[in-house]
Amino acid sequence: MKKKTSGRIPAVIIAGLALFAAIGSRTFLGACVHEDGSFGTCHYAAMAVCGTALVIMAEGIAAAVWNNAAARRGLFLSALLTGVLGILTPGTIIRLCTMASMRCRTVMRPSMMILFSLICFSAAAGMILTGEH
Amino acid sequence: MTIRDIPIINLVRKPGRTAALVLLTAFLALSLFGGTLVVTSLRQGLKSLESRLGADIIVVPSSAQSKSSFKNMLLQGTTGAFYMKEDNLARTLEVEGVEKAAPQIFLSSLKADCCSIRIQVIGFDPETDFIVQPWIEESCRAQLGDFDIVVGSNVGVSTGEILRIYDERCHVAGRLAPTGTGLDSAVYCNMDTMKLLLKAAEAKGITHDIDSDDEDVISAIYVKVREGYDIGKVNSAIQGHTRKASAVRTKSMITDVSGSLSGVSRTVSWLIAAIWILSLLILLTAFFMIANERKKEFALLRLLGTSRRQLSSLILKETALCSLTGGVLGTGTAALMLFPFTGLIEKSLGLPYLRPPVPLILLVAAASIAVTVLAGSLASARTAARLGRVDPGIVLRAD
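Chains as they are written, first to last, in this note's numbering: chain A, 17 to 149; chain B, 30 to 428.
I should point out that these hints are in silico values taken from the structure, not numbers from a laboratory.
Here the structure is a predicted model, which is why all the values come from computation and not from measurement.
Every clue listed holds true.
Covered stretches of chain B (in silico footprint by chain A; criterion: 3 or more residues with CB under 8 Å from a CB of chain A, positions within the stretch not fixed):
#1 184–193
#2 372–383
If you anchor each label on the Cβ, the simulated ranges turn out as follows:
#3 A/137 <-> B/418: 41 to 51 Å
#4 A/85 <-> B/169: 49 to 59 Å
#5 B/32 <-> A/85: 39 to 49 Å
We treat Cβ as the ideally placed atom computed from N, Cα and C, and that holds for glycine.
Based on the sequences and whatever the hints tell you, model everything.
Put into structure tokens, the structure is as follows:
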């Protein structure tokens, strides 16, 4: 059988992007910060996004270290589907603040959508590149 | 394999060189498309502000705070509430040269239990208004009854939903089209609704700094000057005729914004020019070095019977393919950076910012890619001509 590229590189990329998303969603790419310390719904969207990103990071690390090609493909598929969840979480599954000028809409939502889209793209590339042994 | 396949085979065979050329041309396309789009969006925003203001003169309370608050409200969507006596409207209408005068009342809600969101509320008189009504007609054709509101495009509520303002349930009758200005963050209602909301706000203990026992107040008067009259003279006349109010020419407000916009536009243009000059110099150097590296390759092709014209065309095709790939990549990256972050860019610039229509965006994208391909091809034209004239005997004997 023809041995193709292992697909470890997409796995590392996925893990890196997911870590960036997890840290970013709770810091510089995060939800609105209210002066009085209260939370809006966007705070919970940020927490959900962080959790989703951590799961994807674990999947990426597992795909990078696991030698079994079928298992790796399964992990990439899981990362792709979880990435779709990450795209839909802020704004669709969990509502954000009402005003379009708020930080959750101007910074958090677009940046998370881009990061999770890149994760989905990398996962798809990983599935294609993963070889058969 | 035919001679037509050679450009693609060459590009694939040298992935590092190809990637470098693609990245360089991508950078050219990114700067051109991105910069052009930002400047075009700013111009669209200014045009939108001019058409939305619609009046020649705006009369506001005379305190400096009111004037800057009004400007911030228009440009950045910050909330403001200032008032003057309603009789200023009648005084304004008495001035010779005033064709129309439409009052508005401003109110800002709170970020508190009484209100769904902190928002600017603007009340207008449908009988005399010539600013908001045309906008409503263009966008949603909503009819406003008591406690009916239309919302700006930045307010994330849908038609039919309820917005609580000082515990009054206001029904969203429509959404307005975006203007790229602070007006997108406001909600609009008729004067009856506004007066009820003012009373509801006072019941919540919110005072409105009204220097009058008279309950009837307004926040601004939009004035249209009759044709044939000098706007400056009418402005001065209104200034003299009204009490504790200032008349501001909208042209001066727009000139201020236009000045800031020109500054940003100039900076962006200089940046694009600098990036292009630097990148083209790097491209020219790169092609010169590639030419030296590939002399033997082209000498062999000449020996095999390839004509000079075919050789030149081969190089140009390679460059065009790299530039096209880079152009598409750069334009796509610029789109990915600009479109999702439109809100952030608008907020950061503090200027009217309105994305141009889709056909114009596509035209700018196509033009950016075309210019990038042309620039790449021109940068390699001299190299292509030189390599086409290579003498195989001299080159191969050089070893």
